[in-house]
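A.B. asks: Chain residues, written in single-letter form:
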Amino acid sequence: MPGDTVKQNSNERLGEITRVNGPIVEARHMEHAGMLEVVEVGDLHLIGEVIRVRGNAVTIQVYENTSGVRPGEAVRCSSRPLSVRLGPGLLGTIYDGIQRPLDRIAAQSGAMIARGEKAEPLDTEKSWHFQPLAAVGQRLQAGEPFGEVQETLSILHKIMVPPGISGELLSIAAEGDYRGTETIATLRDADGREQPLSMFQYWPVREPRPVRARLQMAQPLLTGLRVIDTFFPIAKGGAAAIPGGFGTGKTMTQQALAKWSNAQIIVYIGCGERGNEMTEVLREFPELIDPRSGRSLMERTILIANTSNMPVAAREVSIYTGITLAEYYRDMGYDVAIMADSTSRWAEALRELSGRLEEMPADEGFPAYLPARLAGFYERAGRVETLQGSEGSVSVIGAVSPPGGDFSEPVTQHTSRFIRCFWALDRDLANARHYPAISWRNSYSEYLVEIADWWKNHDHNWKNNRDILMDILQEESNLQHIAKLVGPDALPDSQRLTLFTAEIIKNAFLQQNSFDDIDMYCSPEKQSWMMRLLVKFATRTLVIIQKGATLADIHSLPGLERLMRMKSEIKNDDTQTMAALEQQISTGLDALERSLRA
Amino acid sequence: MKMAGLEYCGVKNIDGPLVFVDGVSNVAYDELVEITAPNGELRLGQVLDVTSHSAVVQVFGGSDALSPAGTRTRFLGSSLRIPVSKDMLGRIFDGLGRPKDGLPPLVRAERRDVNGLPVNPYAREYPRDFIQTGISAIDLMNTLVRGQKLPIFSGNGLPHNRIAAQIARQAKLLNEDVDFAIVFAAMGVKHDVARFFIDSFEQSGVLNNVAMFLSLADDPSVERLITPRSALTLAEYLAFDEGMHVLVLITDMSNYCESLREIATARGEIPSRKGYPGYLYSDLASLYERAGRLRGGAGSITQMPILTMPSDDISHPIPDLTGYITEGQIVLERDMFQRGIYPPVAGLPSLSRLMKDGIGKGRTRDDHPHVASQLFAAYSKVKDVRALASVIGEEELSPVDKLFVKFGNAFESRVVAQGEYENRSIEQTLALGWDVLKILPRAELLRLSEEELKQYYDQSNTATTVFKP
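Quick note, the sequences are listed as chains H and G, same order.
Our numbering puts the first residue of the first sequence at 41, with every later residue one more than the last.
Our numbering puts the first residue of the second sequence at -2, with every later residue one more than the last.
Note that these hints are calculated values from the structure, not bench results.
A few of these clues could be false.
Said to hold, decoys possible - Listed below are the simulated DSS-like cross-link pairs for lysine-lysine, each with C-alpha atoms no more than 27 Å apart in a straight line: (1) H/546 - G/353; (2) H/611 - G/353; (3) H/524 - G/353; (4) G/83 - H/546; (5) G/358 - G/380; (6) H/524 - H/496; (7) G/451 - H/524; (8) H/611 - G/358; (9) H/546 - G/380; (10) H/503 - H/576; (11) H/546 - G/97; (12) G/271 - G/358; (13) H/546 - G/378; (14) G/399 - G/358; (15) G/271 - G/378; (16) H/496 - G/435; (17) H/611 - G/451.
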């Protein structure tokens, strides 16, 4: 664990370094060490993890730069797997891949991260106001809350019995302010042993936290992005991938999701990406207001930053650190969403370490266990019944950065086997600055079935309208092939109308401006209303044009320009203006239809 | 370089730029090594892999003339450090920071590890200050901000050097006169290219603010791996210790990557795409991420690496991985270059990721974001229309499409194209942008707001405003 230096005592178990090869270090005399145990390497006490054991020799991956480390230096064992510390104070914090708080590291060592720097992940001095929820003599199960703390104004933090422990409550602290490390309750377990409990607990990052049952998904994770919510929705507890070449807007989309999706907790992992992007989130989120809680977005967000210039081994573990924190809040009964940007960098970290270990490579140098690791990660998503019997979910959205934007590469291919929602980013759309550049031709969502009922209760025509718009877009793609050969003017009016309507759908609905105060977030109500209006326009103009109207008549319909601009000119809750626009379009269409009969 | 340390006589194997030394003890990973060739010549090297009794050393000077028996190695106890000081401005160094201009070395200066340390993301300041380069294609469409890393993706024969020199000459922050410096790193480029930059800096009178690190085409290729690190180490000192605004020009990253591949192959590593090592991304990131600003610090490092894309292929691993790390890219297009357009900045694939926060109200002008977005959208349509015109002939295009063709030509010849010594203000550039947008019908300009259209489009507009197909 970072922050917990191994105790110097007489029976300390020391190994000796025999080889240093970048982040991979070999050591001998390590008969006590187990697989995945945390060790401290060398005179600088660099944090590492045992990844291979051969007799009394081990291979260690080190989470910091090993420059200057010499064979012969000592390796100290901790007898503990790589774990995170859980408890109140996680929200609003920025951590590196091994849960070192970057704000405190900056206070200790300045702007550059010095090696061997240690800091407590959670402030041990800070007091939290504890409210007991259980009484002495009560029997408590693993995962059951025995108290709570108001962590931020919008999030109530449940203090739970750690998994694996249960028993009779012997003592519990009265309501009051306590530090996180103080013992606030004692349990007597089945074997009669007393277990002191504090507000903090540990959990090994590579092990999923236990749940009582996995549940069917039923609700959409609303994101405020129309192309996602309407066309390719993700369910709460679902897993999605955003693959796209550089510059197609993976990070922009991830950030928009982190801002506006209706999860209660967001874990944002910057894995092997740019430092400035994390700075941007740090600068922007505290100022943004969550439309649901009315509080700053930072109060529901945890950041894990392992930027591309930070050590590669810590990049590998940052994904697990992030999802463990997410599971912890899920266990309190919250809906958590985790954004991992980018899983390709994580896969590349695996590849780099695998290469240093001289393992036999599979596809494009990636290790053969890449699909197994990806599956293990994405399977930690889900909607569950927690140990305490409440419902919670972890939704995972992973960005994928395929080399050359080619989706046939191993990471994209393997990822698409373990997710059910695929938002393919399109280079041509990005070049036209059509954001979000999610392709309506190559994307899909299998969650459509599960969440259709939710939308049905909300707007009974939702699925129908969605399918109509989707059909127009698909037909347009086909027509474009012909139009590119003969020119659109050679097509009959009804087909040119389809091209025109598709253009309106793209500009007025699919494209969304994340810098526009109104358009940056689109409520589900506004989405279904916009969709209804577009469907009305599409179906009625098709009838009118078959009755003999010209395309020019339709182009000069009153209100058309307002229809094009409705996304940014009509507020989410301004139903009056929406109704007025609908009226204007209907009246125009009526008039046109009448003039044809006359 | 005289320091304590055992000297070992003889090496076991020599393979390309790598030397394998046996029987050593107490050697550190990444440690600097002094190698004495049989003829007495001194070279530097670095430990790449070390066990209790052997070490693999990468020799910066190349391994020619070394022999197993006659080569001596001395381990110097620390990793490679170079001196850093303000006095280095106006001077020329080799890739390892040793003077190349005949002047004495800096003895009293502080020495710093060329690898630097990662910047804590928490301690960064988000870059937002607009730099006016005077080049419309950059200022208007792909705005550069102070602390950004924006590479130029070029091809052989394209005018990337002239553009980089023009930016270095004209780059300024609006309404501010500040302490600035240029750090120039050249890896594997020809002597005349280095000469071109020196002349260009001299002409614009900034030579005394430039520090140069040259590892030219005839220098040993391994030295190229250290050259950008030396340059960035000095840049970090100037920016974060001395509070200067530093522009780092690095050319040519393709040569750097090839050296990296050479070492990886010599070590027998498992190659990834096109023979480049699997850690190419991490390695490039360790260079590119050394840009930016710090909280509460005055200085900044703006990086402009130049790379030539092998056979103009943007999906080649070098530009591809670079694009994933840097904050955008300026892509040069051969087709525009052949049509005589300077600078041949490709409209669509070029991108500046930090642009959104560096422009607009209170920074450039309120309408800038929408104008840029509209120009991109319209220009993207131009590409479609041109493709169509090449099939059915321009005459057959619809009236609106014909306007798009006209717009596209005007955009390239009036907004993008400009003189090598023409320095346009952002107001001039925006006015040009509106001029060409006026060629298009009003109803096509959906990315612009009603007020913006009223203010800039409707004034003295002669084009038809009603869309009649």
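A.B. asks: Now tell me if each hint is right for this structure.
C.D. replies: Going down the list of hints, with the structure as the test:
For the suggested pair residue 546 of chain H and residue 353 of chain G, the alpha carbons sit about 22 Å apart, so the restraint of at most 27 Å is met. Restraint check: the Cα-Cα separation between residue 611 of chain H and residue 353 of chain G comes to about 23 Å, which is no more than 27 Å; the hinted pair holds. For the hint linking residue 524 of chain H to residue 353 of chain G, the alpha-carbon distance of about 33 Å lies beyond 27 Å, and the restraint is violated. Restraint check: the Cα-Cα separation between residue 83 of chain G and residue 546 of chain H comes to about 54 Å, which exceeds 27 Å; the hinted pair is violated.
With a C-alpha separation of about 30 Å, the suggested pairing of residue 358 of chain G with residue 380 of chain G is violated against the 27 Å cut-off. Between residue 524 of chain H and residue 496 of chain H the CA atoms are separated by roughly 39 Å; this puts the pair beyond 27 Å, and the hint is violated. Restraint check for residue 451 of chain G and residue 524 of chain H: the C-alpha separation of about 34 Å exceeds 27 Å, so the hint is violated. Proximity of residue 611 of chain H to residue 358 of chain G is assessed by CA-CA distance (about 22 Å); at most 27 Å being required, the pair is judged to hold.
Proposed proximity of residue 546 of chain H and residue 380 of chain G is supported: the alpha carbons are some 18 Å apart, at most 27 Å. Distance restraint check for residue 503 of chain H and residue 576 of chain H: the Cα-Cα separation of roughly 15 Å lies within the 27 Å cut-off, and the hinted pair is therefore satisfied. Between residue 546 of chain H and residue 97 of chain G the alpha-carbon distance is near 59 Å, which puts this suggested pair outside the 27 Å criterion. The hinted pair formed by residue 271 of chain G and residue 358 of chain G fails the criterion: a straight-line CA distance of about 45 Å is larger than 27 Å.
Between the alpha carbons of residue 546 of chain H and residue 378 of chain G the distance comes to roughly 14 Å, so the proposed pair stays at or under 27 Å and holds. Distance check on the hinted pair: residue 399 of chain G and residue 358 of chain G sit about 34 Å apart at the alpha-carbon level, beyond 27 Å; violated. Using a Cα cut-off of 27 Å, the hinted pair residue 271 of chain G and residue 378 of chain G is violated, with the two alpha carbons roughly 35 Å apart. With a CA separation close to 46 Å, the supplied pair residue 496 of chain H and residue 435 of chain G exceeds the 27 Å bound.
For a cut-off of 27 Å, the pair hint linking residue 611 of chain H to residue 451 of chain G stands: about 22 Å separates their Cα positions.
In this structure, the earlier hints numbered 3, 4, 5, 6, 7, 11, 12, 14, 15, 16 are contradicted, and the remaining ones agree with it.
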